[in-house]
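All chains, please: the whole structure from these sequences, using the hints.
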Amino acid sequence: MKRQIPMLITFFVGALIIVSEFIPHKPFGNLSTSLGGWFLIISGFAIILGQLSLFKVNIIKISRKAPNWPYFIIALVSFSIMVTCGILWGTQKQPGLIPISDKMLNFFGYKPFDYIFKYMFENLSATMFSLLAFFMASASYRAFRARNAESTLLLVAAVFVMLGRTTIGSTLTCWIPESLGFLHLPNIASFIMKYPNTAGQRAIMICAGFGVIGSSLRIILGIERSYLGGK
Amino acid sequence: MKIFERFLHIDRRIIFVLIFIGVALPLIWTLGFNLEVTENVESVYNLMEELEPGTRILISFDYGPSTKPEIQPMAIALMEQAFTNRIRIIAIALWPMGVQMCNEAFEKVSAEYPNIEYGIDFINLGYKVGGMVTINHMAKDFRSTFPTDGGGNPIDEFPIMKGIKNFDKLGCVISLSAGDPGLKQWVMIAHDTFGKPVGGGTTAVQAPIMLAYVNEQQQLIGLLGGLKGAAEYELLINKPGFATKGMDAQSVAHLIIIIFILIGNIGYFATRKKDTMKS
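Residue numbers (our numbering), protein chains in the order written: chain A, 250 to 480; chain B, 3 to 281.
Fair warning: there could be bad hints in the mix.
Pairs of lysine-lysine residues, derived as PhoX-like cross-links and limited to a Cα-Cα distance of at most 20 angstroms, are as follows [unchecked claim]:
(1) A:275 with B:142
(2) A:310 with A:342
(3) B:167 with B:130
(4) B:110 with B:276
(5) B:142 with B:130
(6) B:4 with B:276
(7) B:142 with B:167
(8) A:367 with B:110
(9) A:342 with B:241
(10) B:4 with B:275
(11) A:275 with B:167
(12) A:342 with B:275
(13) B:142 with B:164
(14) B:4 with B:110
(15) B:171 with B:142
Just so you know, these hints were derived from the structure itself, not from any lab.
Because the structure is a prediction, the values reported are computed rather than measured.
Here you go:
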């Protein structure tokens, strides 16, 4: 019964959602809207669950002195500081438990949560993402080798797109007369993006769509049961 | 031939240093390369231009600080165009940190438009968890999905929200997206299910995926792809900003990468020829 009841609920709700897409009238249309509302409420609780889980997992790793355990302390301390600042003094639009003093506001220029977010989190986050540029440059140098016809094609397309999607590309070929406009680098890049790229992407999307339908049916029909936990 | 072997094994620290210099210098000294507006960016611009003054549009901030350098210039340019044309903006976020991104963009833009009032010309409804389900729920019952704005005030208090029960009274939907949930979900629900025109902006990495939706059915009216898309939009509204400046840095970085790819391939062919002769 422990597995059968959740499976029955899954089947019932899954079938109801599918039916409501084809019959948007009462009672199916209303039920589908209500279920959507429930999903939003449950998702809200899932955030709290995620935060508690983050705390638990980090504490376990610190207590067991797992590899790189000092980093988990930093994660927990940072998390606690942000949560405390947010709850105590609130954010730009949301009031906190205690009003922020003028002295503190003048000192930081923002509420503590917003100050940390703007001057620490944003910059750290952008830095992490920017590091990709360096690794991509190094990886491109090593990976883009014209070893065979396929890799040569990939290499040539990549060079055209890289040049065509920058201002250098249009500067390099801006002298080309209009009658030969198809040789203008941004036009070549647009062609590659619009036709070969889109064709490939659509093929991937269609396959992924079929995959989603297949796995959804497996869950609704009770063939796929991993979401119930256990083996 | 030894030099060609060296071409194959350049220390990656050299690449890192050159990329750093290539990105940093153009940010300090503008090079001013030629910038052209592409069709996809122009389509988003035209979509906004064709809206009547007073029309309400929905902008979804589906990104965070990591992609701010690429997407925030788009948000600023779109807001500037909207406020110039007296178009009213209802902002939401499907990413938790999109709320702050929206507030920062509004703070920057509203300084130049003193007549813009919160609640009349602009509102930030805050973050809502749920992705695609949230969009679907908004389309059926907007007010129960967002009963308050980001500051916790009931939306009935704000004139901009008058009569908004679903997507019917919105001129269009713009999603500035760095992943999932984002532009793809807006296309699937707002356009494909409820027929609203959808435009958007994404990171350069995501643009090739989203381009498949810019088609004859106009699932996506247009697309601003990465920093270049943002720079093109700044050019269209005639307000060069961070994206225009950043394009020089990006262009030089791309050029450096291409030079290294060429060096690698020269080394590869030269040493391969040598190996073939030996064998």
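Now for the hints, and whether the structure bears them out:
Pair hint residue 275 (chain A) plus residue 142 (chain B) holds up; C-alpha atoms about 14 angstroms apart against a cutoff of 20 angstroms. Between residue 310 (chain A) and residue 342 (chain A), the direct Cα distance comes to roughly 36 angstroms. Violation of the 20 angstroms bound is thereby established for this hinted pair. A distance of roughly 17 angstroms separates the Cα atoms of residue 167 (chain B) and residue 130 (chain B); the hinted pair therefore holds under the 20 angstroms criterion. Simply put, residue 110 (chain B) and residue 276 (chain B) have alpha-carbon atoms about 60 angstroms apart, too far for the 20 angstroms limit, and the pair is violated.
Distance restraint check for residue 142 (chain B) and residue 130 (chain B): the Cα-Cα separation of roughly 15 angstroms lies within the 20 angstroms cut-off, and the hinted pair is therefore satisfied. Our distance criterion of 20 angstroms between C-alpha atoms is met by residue 4 (chain B) and residue 276 (chain B), whose separation comes to about 11 angstroms. This hinted pair checks out: residue 142 (chain B) and residue 167 (chain B) have alpha carbons roughly 8 angstroms apart, not beyond 20 angstroms. A distance of roughly 14 angstroms separates the Cα atoms of residue 367 (chain A) and residue 110 (chain B); the hinted pair therefore holds under the 20 angstroms criterion.
With a CA separation close to 29 angstroms, the supplied pair residue 342 (chain A) and residue 241 (chain B) exceeds the 20 angstroms bound. Straight-line distance between C-alpha atoms of residue 4 (chain B) and residue 275 (chain B) comes to about 13 angstroms, which keeps the hinted pair within the 20 angstroms bound. For the proposed pair residue 275 (chain A) and residue 167 (chain B), the alpha carbon gap of about 19 angstroms is at most 20 angstroms, so the pair holds. At most 20 angstroms may separate the alpha-carbon atoms for a hinted pair to count; residue 342 (chain A) and residue 275 (chain B) exceed this at roughly 67 angstroms.
At roughly 16 angstroms between alpha-carbon atoms, residue 142 (chain B) and residue 164 (chain B) fall within 20 angstroms of each other, so this suggested pair holds. Between the alpha carbons of residue 4 (chain B) and residue 110 (chain B) the distance comes to roughly 55 angstroms, so the proposed pair goes past 20 angstroms and is violated. With a C-alpha separation of about 13 angstroms, the suggested pairing of residue 171 (chain B) with residue 142 (chain B) holds against the 20 angstroms cut-off.
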